[in-house]
Amino acid sequence: MSETATSTARAAAGAGDGRASVRPAIEASGLTKTFRGFTAVDGVDISVRQGEVVAFLGPNGAGKTSTIDMLLGLSQPDRGEVRLFGLTPRQAIGRGLVSAVMQTGGLLGDVTVRDTMKLTASLFAQTTSIDAALERAGIADIADRKVSKCSGGQQQRLRFAMALVSDPGLIVLDEPTTGMDVEGRHSFWQAIHADARRGRTVLFATHYLEEADQYADRIILIRKGRIVADGTTAEIKAMAAGRTIEAEWPGADRDALAALPGVETVEVRGTRVVVRTSDSDAVARHLLTQTPAHDVTITSQNLEQAFLRLTGDDAEGARA
Amino acid sequence: MSTPSLERLDAIDPSSRRAPALGGFSWTFLSVELKRLFRNSSVVIFTLIFPIGMLFLVALPNRGSSISDVPVSAGGISAAVPIMISMAVYGAMVASTMTGVSVASERAQGWSRQLRLTPLNPVVYILVKILCGLVLGGLAVIATIAVGAAMGITAPLGNLIGAGVLAWLSSLMMTSLGLAVGYAFPAQNAMRYLGPILPVLSFMGGLFFPLYLMPEGVQIAAKFTPVWGIANLSQSAVVGAAPDVWAAPNLLVWFVLFTAFAVLMFRRDTRRV
Chain A
1 MSETATSTAR AAAGAGDGRA SVRPAIEASG LTKTFRGFTA VDGVDISVRQ
51 GEVVAFLGPN GAGKTSTIDM LLGLSQPDRG EVRLFGLTPR QAIGRGLVSA
101 VMQTGGLLGD VTVRDTMKLT ASLFAQTTSI DAALERAGIA DIADRKVSKC
151 SGGQQQRLRF AMALVSDPGL IVLDEPTTGM DVEGRHSFWQ AIHADARRGR
201 TVLFATHYLE EADQYADRII LIRKGRIVAD GTTAEIKAMA AGRTIEAEWP
251 GADRDALAAL PGVETVEVRG TRVVVRTSDS DAVARHLLTQ TPAHDVTITS
301 QNLEQAFLRL TGDDAEGARA
Chain B
1001 MSTPSLERLD AIDPSSRRAP ALGGFSWTFL SVELKRLFRN SSVVIFTLIF
1051 PIGMLFLVAL PNRGSSISDV PVSAGGISAA VPIMISMAVY GAMVASTMTG
1101 VSVASERAQG WSRQLRLTPL NPVVYILVKI LCGLVLGGLA VIATIAVGAA
1151 MGITAPLGNL IGAGVLAWLS SLMMTSLGLA VGYAFPAQNA MRYLGPILPV
1201 LSFMGGLFFP LYLMPEGVQI AAKFTPVWGI ANLSQSAVVG AAPDVWAAPN
1251 LLVWFVLFTA FAVLMFRRDT RRV
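In order, the protein sequence lines correspond to chains A and B. Numbering follows the working numbering, with no gaps: position 290 of the first sequence is 290. So the number in the working numbering is just where the residue sits in the second sequence, counting from 1, plus 1000.
A hint or two may mislead.
To be verified - Ranges between beta-carbon positions, derived for each pair:
| hint | chain 1 | residue 1 | chain 2 | residue 2 | range |
| --- | --- | --- | --- | --- | --- |
| 1 | A | K149 | B | N1189 | 25 to 35 Å |
| 2 | B | I1161 | A | T178 | 32 to 42 Å |
| 3 | B | I1045 | A | R145 | 21 to 31 Å |
| 4 | A | A256 | B | P1014 | 48 to 58 Å |
| 5 | A | G37 | B | P1210 | 25 to 35 Å |
| 6 | A | D181 | B | V1123 | 14 to 24 Å |
In case anyone wonders, no lab produced these hints; they're calculated from the structure. Every residue, glycine too, gets a C-beta built ideally from N, C-alpha and C.
Produce the complete structure using the sequences and hints provided.
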């Protein structure tokens, strides 16, 4: 499924749909980054069309931040290439086409919110009004406050306002809601979503499955520096709808089970056979009518389990 | 700054956007940077209040004694004049060093990284720091000389201007030192290293105590330290004497060394960010 979803995105990004002149917001191919022998990012390909809202989902340490740093030109890939709107990251940033909201830091404590915005705006050739950006980020009321006196959530909104002021085509957010409470998180995402209505492309990294589910049109799952799934939220959810069937069947015929429609993996644990499938009825019917299997149990996986299955240590099977 | 119309953002033609002129330099940027400097109380204390305080404590009591056979009342230059210019040099030095070293705390706060996500050219950022150092250093020099003049400590105008400009330009060298240390060490260490270094260098350079009253060995060693060149040049200029032949080479060599160190550390830093 990961293959089909990726190729759909590629086809749409290509010349086939009558928008040939529109460059993809992000085109990264074969990104690889190694730190002292540890491969943090291992051949990542990402293509994002303009207007998409994409979640970059993975557990901590999966390589999200390292990938984002390369996308933004903050670090150079050992191998691979990045194009943003057809330009190098530095050129795209120079023209105000791309901005980013980083996880922490990036603010001067001794300056007011408004001065931070004035300073940021002064660095770009074209900007929207500072008040409009503050308004959209929901911090117009604290413009005269010193940054060091702002709460974590307010500082995060300020980072968002700074990212908005150049009216970029693409905003990249690296775990933007870390450390926010539930309410703050919700209203922060509302602000982002309201903003995306004008067609702004958004790529956000998160390790909260919920956030990816609620706020993205498309999810790219990363694990140990590799993309393990890439599809629309609905497709990833369909994956989550899969079930696990277990039955007692000494000497199980694995090949027959694997040939059933919807079966993803077949595992034999002693005398028990464990089948992961998107069509549990077919497997159960087969087991109970065509085989000597007994003691059949069916458990459904939730989104959480699918996520863990795709990103956890035993993920190799899921990718087969 | 112009305002793009609220066009759709999902079919952007990258050529409709342009990069800023001058690598992102703007007067707004410079003015916010200056505002930050002036809000920093330790900067203001060491660049403005300390030198002026020293005028009162050290220069004023020596106002009546002449450095030559001509008494001050008969137009001779007061011993307080070289003290005053030394304090101006010190103020300018501290101003520019502290401006330079501020990159350390900006790096620690992730601000340098944030700036990498804007069109600002890193070299322009450095130039803004140097300009800030020059503005603050210039103010320190002017304030010290103006307060001195108000106390009646004065020399021929030409001498004052020449010495003042020299003191001011010494800022450039010390901004380099500040930037080098600011890029080389983490924020807290940067200030911890520079804090004691500046007074020691000033002492060895003869800003706090006349070198000719020190043992000969110290006098010779002093000539190799970075502040001696600028101290000798500006003190000589203000009394209208010829400087030591090694003063200008000393200033030049240290300026080149500090700047090379700063460029090296800056390069290392931009690779790493």
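Can you list which hints this structure breaks, lowest number first? 2, 5 and 6
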